[in-house]
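Residues per chain are reported as follows:
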Amino acid sequence: EVQLQESGPGLVKPSQSLSLTCSVTGYSITSNYWGWIRKFPGNKMEWMGYISYSGSTSYNPSLKSRISITRDTSKNQFFLQLNSVTTEDTATYYCARLGLGALDYWGQGVMVTVSS
Amino acid sequence: DVVLTQTPVSLSVTLGDQASISCRSSQSLEYSDGYTYLEWYLQKPGQSPQLLIYEVSNRFSGVPDRFIGSGSGTDFTLKISRVEPEDLGVYYCFQATHDPFTFGSGTKLEIK
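First to last, the sequence lines map onto chains A and B.
Position 34 of the first sequence, counting from 1, maps to 47 under this note's numbering, and the rest follow consecutively.
Position 3 of the second sequence, counting from 1, maps to 5 under this note's numbering, and the rest follow consecutively.
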């Protein structure tokens, strides 16, 4: 069974970088595409970007200058880094697999608060 | 970016009745390969979103046949027949045809 698990700090200071890890079990990240999504307080959801089976990336232009998605295939993990965060980056962050053209498996999410 | 306009914002339904949610796109969601990457998700309270429907009308593994997706081009609908208590939560449409991918604003389903 495919399982994803996010991890990382729950509190980040403004202007610092947010770094999260998605650990995947039951499936290799060298297949398919792997994405990051966030849900803001309220219901708004935002697609952030993905890393492909080959390591290529695509980012939401709204974040393009601040976001980086990388991976470690030996650990079957992929990572999110978001630079220069502000309070508007406070959200629950999810990682997910893109399969069947859809986000078919999700992590449980990690809540990140940006505050001094 | 593609804008997905989802209506209604909230829905209160009696158990056993039907619910219907609309998702309209600012552009056609048919991809060059002929597929339409319009999906529906349900986020139950305290849980991650879960995939219900992919490519407009295909139910994901384990999803009851009470969930029916339909539509084409720019106009899509999710119908839930015979609503059950476990159906409550927030429903989202999502498109993966045009990069950046985008979500609808969500529809909160409550049980009367």
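Just so you know, the hints here were simulated from the structure itself, not pulled from any lab data.
Everything numeric in this text was worked out from a predicted model, so none of it was measured.
It is possible that part of the hints are untrue.
Just some of the chain B residues that point at chain A, by a computed CB distance under 10 angstroms [what the hints assert, rightly or not]:
{"no.": "1", "residue": "S14"}
{"no.": "2", "residue": "S50"}
{"no.": "3", "residue": "Q52"}
{"no.": "4", "residue": "F69"}
{"no.": "5", "residue": "L90"}
{"no.": "6", "residue": "T99"}
{"no.": "7", "residue": "F105"}
{"no.": "8", "residue": "L111"}
Virtual Cβ for every residue (Gly too), placed ideally from N, Cα, C.
To see whether the hints hold, each was checked on the structure:
1. With a cut of 10 angstroms, the hint placing S14(B) at the interface with chain A is violated, because the nearest CB-to-CB distance is about 16 angstroms.
2. With its C-beta approaching chain A no nearer than about 4 angstroms, S50(B) sits inside the 10 angstroms limit, and its interface hint holds.
3. Hint status for Q52(B): holds, given a least beta-carbon distance of 7 angstroms to chain A, under 10 angstroms.
4. Of the supplied interface hints, the one on F69(B) is violated, with its beta-carbon coming no nearer than about 14 angstroms to a beta-carbon of chain A, more than 10 angstroms.
5. About 14 angstroms separates the beta-carbon of L90(B) from the nearest beta-carbon of chain A, more than 10 angstroms, and the hint is not met.
6. Taken as an interface hint, T99(B) checks out: its beta carbon lies about 9 angstroms from the nearest beta carbon of chain A, inside 10 angstroms.
7. About 4 angstroms separates the beta-carbon of F105(B) from the nearest beta-carbon of chain A, less than 10 angstroms, and the hint is met.
8. Given hint, L111(B) at the interface with chain A, is violated; its Cβ is 12 angstroms from that chain's nearest Cβ, farther than 10 angstroms.
Figure legend: structure checked against the earlier numbered hints; hints not met, in rising order: 1, 4, 5 and 8.
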